[in-house]
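Peer 1: Could you build all of it, start to finish, from the sequences and the hints given here?
The residues making up each chain are set out below.
There are 4 protein chains.
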Amino acid sequence: MGHEVNLSDFTIRCDLISETIDNKKVDGIDVETKNYKDIKVERLVIEENKSKLLNKKSGIYTTIFFNDITDYENRSNVINVVTKELKKILKNKSLLGKKVLIVGLGNELSTPDSLGPKTIQNIVVTRHLFNMKEIQVEEGYSNVSAFSPGVYAATGIESFDIIKGIVDIINPDYIIAIDALASSSIENVNKIIQITDSGIEPGSGIGNNRKELSEKLLSIPVIVIGVPTVVDAVTIVNDTISFLIKKISYNIMNIDNPKFKLINPKNYNYLDINYSLDDQERKKYLGLLGELKEYEIKELLSEVLTPIGYNFIVTPKEVDFLIDKLSIIISKSINNVLHDSINKNN
Amino acid sequence: MGHEVNLSDFTIRCDLISETIDNKKVDGIDVETKNYKDIKVERLVIEENKSKLLNKKSGIYTTIFFNDITDYENRSNVINVVTKELKKILKNKSLLGKKVLIVGLGNELSTPDSLGPKTIQNIVVTRHLFNMKEIQVEEGYSNVSAFSPGVYAATGIESFDIIKGIVDIINPDYIIAIDALASSSIENVNKIIQITDSGIEPGSGIGNNRKELSEKLLSIPVIVIGVPTVVDAVTIVNDTISFLIKKISYNIMNIDNPKFKLINPKNYNYLDINYSLDDQERKKYLGLLGELKEYEIKELLSEVLTPIGYNFIVTPKEVDFLIDKLSIIISKSINNVLHDSINKNN
Amino acid sequence: MGHEVNLSDFTIRCDLISETIDNKKVDGIDVETKNYKDIKVERLVIEENKSKLLNKKSGIYTTIFFNDITDYENRSNVINVVTKELKKILKNKSLLGKKVLIVGLGNELSTPDSLGPKTIQNIVVTRHLFNMKEIQVEEGYSNVSAFSPGVYAATGIESFDIIKGIVDIINPDYIIAIDALASSSIENVNKIIQITDSGIEPGSGIGNNRKELSEKLLSIPVIVIGVPTVVDAVTIVNDTISFLIKKISYNIMNIDNPKFKLINPKNYNYLDINYSLDDQERKKYLGLLGELKEYEIKELLSEVLTPIGYNFIVTPKEVDFLIDKLSIIISKSINNVLHDSINKNN
Amino acid sequence: MGHEVNLSDFTIRCDLISETIDNKKVDGIDVETKNYKDIKVERLVIEENKSKLLNKKSGIYTTIFFNDITDYENRSNVINVVTKELKKILKNKSLLGKKVLIVGLGNELSTPDSLGPKTIQNIVVTRHLFNMKEIQVEEGYSNVSAFSPGVYAATGIESFDIIKGIVDIINPDYIIAIDALASSSIENVNKIIQITDSGIEPGSGIGNNRKELSEKLLSIPVIVIGVPTVVDAVTIVNDTISFLIKKISYNIMNIDNPKFKLINPKNYNYLDINYSLDDQERKKYLGLLGELKEYEIKELLSEVLTPIGYNFIVTPKEVDFLIDKLSIIISKSINNVLHDSINKNN
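Protein chains in written order, with my numbering: chain W, 1 to 346; chain L, 1 to 346; chain H, 1 to 346; chain Y, 1 to 346.
Quick caveat, the hints were computed from the structure, so don't treat them as lab data. Don't take each hint at face value.
Pairs involving identical chains hold if they fit within one copy or between any two copies, as the list cannot separate such chains.
[To be verified] Straight-line Cα separation of at most 25 Å, BS3-like style, residue types lysine-lysine; simulated pairs:
(1) LYS164 to LYS133
(2) LYS293 to LYS50
(3) LYS211 to LYS133
(4) LYS34 to LYS325
(5) LYS164 to LYS34
(6) LYS216 to LYS50
(7) LYS99 to LYS88
(8) LYS283 to LYS293
(9) LYS191 to LYS52
(10) LYS164 to LYS93
Peer 2: Right, dumping it as structure tokens:
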């Protein structure tokens, strides 16, 4: 029988610019990279005319890559970098010192989706103090309000509508929104913080279409700070197939290396290999599967897992701990940027 | 030296109508009382012209008094009464079946103030289903949205402003707000549920002036469901002095009763005594303190405790358990009233 | 170059008997199956002499399979089945009415591992009442104590040692332990409850060796109620490859079926297909990968993901909700079995 | 009618040494006092022969008095003092560097009683690392395990039995227990930390008799760190009557002082007055009540409030916030003392 798997084109949903750029290797986009010890920062701008091609909204994107945040010192280093990058973005947009509404998107009752609301809890809020006639707020504090709109399924009200309602009444100069996102790469889960001025669709990370939280619709700048905290099974399998191909490449390259026979296969990192299987080899090791392009594999996996209900969206089992630390990193960074006079150790 | 304690007049702040009426014994207000086993319901209306006199907003007030809610069956009985009373109120105001926004006032991070937000978590929300074109909501469900605006000190935004913003966007027909209140009697703490259409000032229970959540300001009916969860030290002391006077009265009445000598003073309820100390006796037992009227005693105690920082607002140590049960009672009652088709055991 | 992937044998770690039996299709083990509507119950006994072969401890195993627990009625049905099965087990072992210590294993601060401690919170505990001389406990209640030993990394003390210490002091007749487990199949995550008398190694689900909580070491029967709440990436990928093979089989079988061209590939369940790729076809579609046996694929995937740190253990993003419902199901079932006189609706 | 209130003697239950000493003004006990800015430390020793007289167990008692802990810097100051005092105590008893079991007494589900379990969550536990053969624990870390036994009503097992069972198995050199206590003075609620080697009866703060956690019964030193977090209504009323008497004294002294007429009675602290009402004045202002001694007033109030169910045990409404900060103070202090090498900012 001569059936070939049927692959239609497929739009990769992807909240994170680093993954999009990585996946599509787009020409004409300058990625500026900087390293602070083992923390990497990528900055890039997507112009209006490239936006469609990439299926990403135009805007500036800053992505901070880090490894470990379980350790106090590592966390401090990440806070320093996020503080510096966020400050730079606000300064470039002339927003430093302006009135800001901080919005914590997501569901506080669902741990992997609670990053926004948890971060809000540690924001130093001052707007009410500025509104009290008897109080003279100390120099070095910005006018900050903060708020969590909840999620559509729990409130029955779209986050956009709640925020729009509040914006209309209190008139902030700009918004900073924090949200947990879906990753399209297992490497990034809980390992990057993305800051962008391109807006966000609340809940977009999990496949629901919502009104966009953006400067276009709200008429004030919207800075979004996002962290990928979940990933779907299709992505896990697809990434593993890529890793498998690299692993086979590595083994092929090293098969005659005598050292290779001495090392435990569980103990070496094969990712740095710069040889990749040729078409012939892909076919040999993976059959027709090996002949598919990455987006075709994703589409195929989606057709395998979705109809039987197993394209789970998952999160690492340490999620409680990680969300806790990530919310501390983001809230401290925001407090540092907005309030010059704050005790930085607090 | 001839100093007499200096007593200025004093406005009793009091969120609860039953306490106000009790305290002031106002003529011309009909209190309709009904008992369901050991649950008592009081209904009364304060007309516009009595409002100032009582320092209470005009409106209908229904108060449900109960004793124990630790037991599953007792809780079910309270739910049945609250359901019946809330339904009656909504029916009288022709609000049954209309679009409602449920608002959970208070601070979810502060247990005694978390009644509103905790109640919201168990409300069956349906507005988003009514908004989905592909879904036909089952007969017997109302259009319900639900929301917690947080507290001013945490958000920097007045609850009123947040709610006004949302109302302007989603246009509900009426509001049900749930809030934890301050009690001006220790007997009522966590022991009554008050339902009124007179509006509320969020945070008023704890002495802050806020914009009033009311039909007048929001142009739609506002039903408030309140439970007193905290009480201040002045109230505790004042109530204890009242009890002390009753206890002395009881002892005086029973001093020659031979049975009295046999019972442990810690084991009898003396509150039903219908004898009260005369002026002479009050002076004998309590000196000048005994000559003061109740509002004068409260003012005096306030002058004693406030300047040294000890007019604590307190809550019973079992607060976590009680708030949990009260939020279940209120959310189930609301769900029962708004959704005919709901599984009542759920 | 002629390298073939190097596959050593691999012990499948697997907490769940249904998966082991499924995987190994062992002869001589009778699996008794019963269905209650859409809930399936499997009962089997592993004799001492089969234990080694299966790498599973000898004992009786009852596994309850269910689909949805989001709905109140479905949950009630699952509770009824778990109650019935647990009662049968205790009756067979003559433990009904005896003194029991309920142990909630796992980490309450880590949502996917918090099933045990959360379940404990809703157990009706009575041992202290039996110990009070002034109280006569009502007929129909067993003597129940309940306890969460925490986890080794948080307490520095092995769960076994804590439980052994308590058992030595309070002398219960038997133990019921509740724990979250690792699944070796994505189909079972949060979808089965397993009850066994074979003991458990706390933390075994996540790869740490600990002292076994078992009748052998504690000298009293130990009934373990386990639910798989996490799964590792190797399992997700391996299961997906199996599904992929079935999907290709399905497509091959239906390629000439005219109806097939009309249906959306995302909308049909292909799992019931009873055709399976032959060796030739497996090679065509999956190359050398297709020639591997399942345990070899798992070993290969482990060698791919482990050295680069991506063999994540994950949990579905709805974990908070699911753990909540599962803990209710288990605690209500236990209460039903141990306390005849309990209000079943409570 | 000539009834006088009937006052039997009354044992003041009081967990806190500072209150006992204050109340009874015992001779022959040297109280060593030291001030660090606005933090006061009192140290005293109760010898075996004074123990009965004071109704307090013999031992050393260190009490740290502080005002505000809402501010980061104030909190740091309190941590420094608690660290210093705890270190001194352990050094004097030659316990520094020895194996310790930290026990968090109380109910984590009841906020005012959750201080112990919350503190445990932030203790740096190391015993499991010392037990791993492959790990060499860094110089400067003690061998620490930590554990919360829950409460009798929730586990059915006395805390003492659980701890005794664990001690028998893991053999620590000493215990540090943390517990929330009842205060017999409103001034001390959440305002003092008491450290003692005299042991504790878990739950004693709330009137239940339990087996004592002490060196006598466990054969190893038991250091207890306690904070009063609740107070009963009798204490609130009694303290207020004392304040009332001071206030009247103050007013009497100042009645002819022209400045007095200008100040708002709510704005001055009258506690420093060194005049006290004479018997004649007490009778004039408070009648027979004024003739009672403090312990008689407490007994009277207990007879008034207890039979009608209103001797509430209460906690300030800010309890969540305060318990959070207190648990941070205690856990950081313990970590500082036990682990020299710890990052003090962590």
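Peer 1: Evaluate each hint against the coordinates.
Peer 2: Hint check results:
1. In this assembly of identical chains, LYS164 and LYS133 lie within 25 Å of each other by CA distance solely across copies; the values are 23 Å between and 27 Å within a copy.
2. Within a single copy, LYS293 and LYS50 get their C-alpha atoms as close as 23 Å, which meets the 25 Å cut-off; across copies the closest is 46 Å, which misses it.
3. Taking identical chains as interchangeable, the C-alpha atoms of LYS211 and LYS133 lie at most 25 Å apart only when they sit on different chains, with a minimum of 16 Å there against 37 Å within one chain.
4. Only within a single protomer do LYS34 and LYS325 lie at most 25 Å apart by alpha-carbon distance; the minimum there is 24 Å, versus 39 Å between protomers.
5. When the C-alpha separation of LYS164 and LYS34 is checked against a cutoff of 25 Å, the pair qualifies neither within a copy, at 36 Å, nor between copies, at 46 Å.
6. Taking identical chains as interchangeable, the C-alpha atoms of LYS216 and LYS50 lie at most 25 Å apart only when both belong to the same chain, with a minimum of 18 Å there against 52 Å between chains.
7. Taking identical chains as interchangeable, the C-alpha atoms of LYS99 and LYS88 lie at most 25 Å apart only when both belong to the same chain, with a minimum of 17 Å there against 46 Å between chains.
8. In the homo-oligomer, the alpha carbons of LYS283 and LYS293 lie at most 25 Å apart both inside one protomer (12 Å) and across protomers (19 Å), since each shortest distance falls under that limit.
9. Taking identical chains as interchangeable, the C-alpha atoms of LYS191 and LYS52 are never at most 25 Å apart, the minima being 27 Å within one chain and 42 Å between chains.
10. Taking the shortest Cα distances, LYS164 and LYS93 sit within 25 Å of each other inside one copy (21 Å), while across copies they are farther apart (30 Å).
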